[in-house]
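S.K.: Sequence:
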Amino acid sequence: MDYVQFWKDLFEEGRLALPAFAALTERELSQGASVLVAYEGRLRRELPSGLPKLEVEAVSWAGRNFYRASQFVVYRDVGAETINEELFPSWSGRVDASVHYSVDVVFRYLPDLVRFAGSAAPGDPLLEHLGRWARDWPLSSVGMEGIVGVDIAAIAGHRALMSIYIDRIIATRDTSRLADKRVREAVDAALGMYPELAAGLLADCEAKEGD
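My numbering puts the first residue of the sequence shown at 47, with every later residue one more than the last.
To be clear, the hints were calculated from the coordinates, so they are not data collected in a lab.
Where a beta carbon is used, it is the ideal one built from N, C-alpha and C, also for glycine.
Hints may contain errors.
[Stated by the list, open to error] Computed beta-carbon distance windows for the label pairs:
| # | residue 1 | residue 2 | range |
| --- | --- | --- | --- |
| 1 | Arg73 | Asp197 | 17 to 25 Å |
| 2 | Ala206 | Ser80 | 19 to 27 Å |
| 3 | Pro65 | Gly169 | 35 to 43 Å |
| 4 | Glu242 | Arg73 | 48 to 56 Å |
| 5 | Arg228 | Arg73 | 16 to 24 Å |
| 6 | Pro65 | Asp226 | 34 to 42 Å |
| 7 | Asp197 | Phe67 | 40 to 48 Å |
| 8 | Gln77 | Asp123 | 24 to 32 Å |
| 9 | Pro94 | Glu58 | 21 to 29 Å |
| 10 | Ala249 | Arg88 | 35 to 43 Å |
| 11 | Thr218 | Arg61 | 33 to 41 Å |
| 12 | Arg228 | Phe67 | 38 to 46 Å |
| 13 | Glu127 | Pro94 | 18 to 26 Å |
[Claimed, not checked] 20 Å max Cα-Cα, derived EDC-like pairs, lysine to aspartate or glutamate:
| # | residue 1 | residue 2 |
| --- | --- | --- |
| 14 | Lys227 | Asp213 |
| 15 | Lys99 | Asp158 |
| 16 | Lys99 | Glu74 |
| 17 | Lys54 | Glu86 |
| 18 | Lys227 | Asp170 |
| 19 | Lys99 | Glu72 |
| 20 | Lys54 | Glu74 |
| 21 | Lys99 | Glu86 |
| 22 | Lys54 | Asp213 |
Starting from the given sequences, assemble the full structure and let the hints guide the process.
M.R.: This is how it looks when you write it as structure tokens:
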């Protein structure tokens, strides 16, 4: 059960243990989903109250794709055709606050995965898929460079998710997200007692715009 062990190792020990590429069985996917659901239950206790419900189908979709992408980062001899087959299609269900939250249970590790993949050549199909995920799931991609034009409507409309989003922007100083007025206002509100931090973030944003 390499797929199941992958998640246990990541969640319990913070490390990636990756077997060679092989087909995933329905049993592995089902048991892996159970591990993801259990992890979300622990994670929820550490996050703001009022979170959306977990969508098992969405977290399972994210889990399978993240696992495959992690393998492709390590095993660079896998061809572009296989990568494209394994990492398509995009999420085809509805996209609301519950789905953004559920995908983020896994994709919160996406920035780390992108850093691991940093040695890949420009135009590498794996990087293209990782970039697509970063644009599609902006809650998870805070802190990543070059991610613009993201749609945060579902996040901004949910108080708990917006709180997580703003906290991540402040923590990573991701000034690219300040292009959205809703984000700027929320950052100002969050840092109201720390005006020097708010001013620093806005100054960074203005400096980048002037480059």
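S.K.: Hinted pair, alpha-carbon criterion (20 Å max): lysine 54, aspartate 213. Please report holds or violated.
M.R.: violated, 27 Å
S.K.: Are lysine 99 and glutamate 86 close enough, with their CA atoms no more than 20 Å apart?
M.R.: The given pair, whose Cα atoms are some 10 Å apart, holds under the 20 Å limit.
S.K.: Does the beta carbon distance between arginine 73 and aspartate 197 stay inside 17 to 25 Å, or does it fall outside?
M.R.: This hint is violated: roughly 36 Å between Cβ atoms.
S.K.: CA of lysine 54 to CA of glutamate 74, is that 20 Å or under?
M.R.: Holds. Lysine 54 to glutamate 74 sits at ~13 Å (cutoff 20 Å).
S.K.: Holds or violated: are the alpha carbons of lysine 99 and aspartate 158 at most 20 Å from each other?
M.R.: Given pair lysine 99, aspartate 158 is violated - Cα atoms ~25 Å apart, limit 20 Å.
S.K.: Does the structure keep lysine 99 and glutamate 72 at a Cα separation of 20 Å or less?
M.R.: Given that 20 Å is the threshold and the Cα spacing comes to 24 Å, the pair is violated.
S.K.: Given a hinted range of 21 to 29 Å, is it respected by the beta-carbon distance of proline 94 and glutamate 58?
M.R.: holds, 24 Å
S.K.: Taking 19 to 27 Å as the hint, is the beta-carbon distance of alanine 206 and serine 80 inside that range?
M.R.: holds, 24 Å
S.K.: Given the hinted pair lysine 54 and glutamate 86, is their Cα-Cα distance within 20 Å?
M.R.: holds, 13 Å
S.K.: Is 40 to 48 Å respected by the C-beta to C-beta distance linking aspartate 197 and phenylalanine 67?
M.R.: Violated - the Cβ-Cβ distance for aspartate 197 and phenylalanine 67, about 33 Å, lies outside 40 to 48 Å.
S.K.: Straight-line Cα separation of lysine 227 and aspartate 213 no greater than 20 Å?
M.R.: Given that 20 Å is the threshold and the Cα spacing comes to 16 Å, the pair holds.
S.K.: Check the following: the C-beta atoms of alanine 249 and arginine 88 are separated by a distance inside 35 to 43 Å.
M.R.: About 38 Å separates the Cβ atoms of alanine 249 and arginine 88, which means 35 to 43 Å holds.
Comparing the model with each numbered hint stated earlier shows that hints 1, 3, 5, 7, 11, 13, 15, 16, 18, 19, 22 do not hold.
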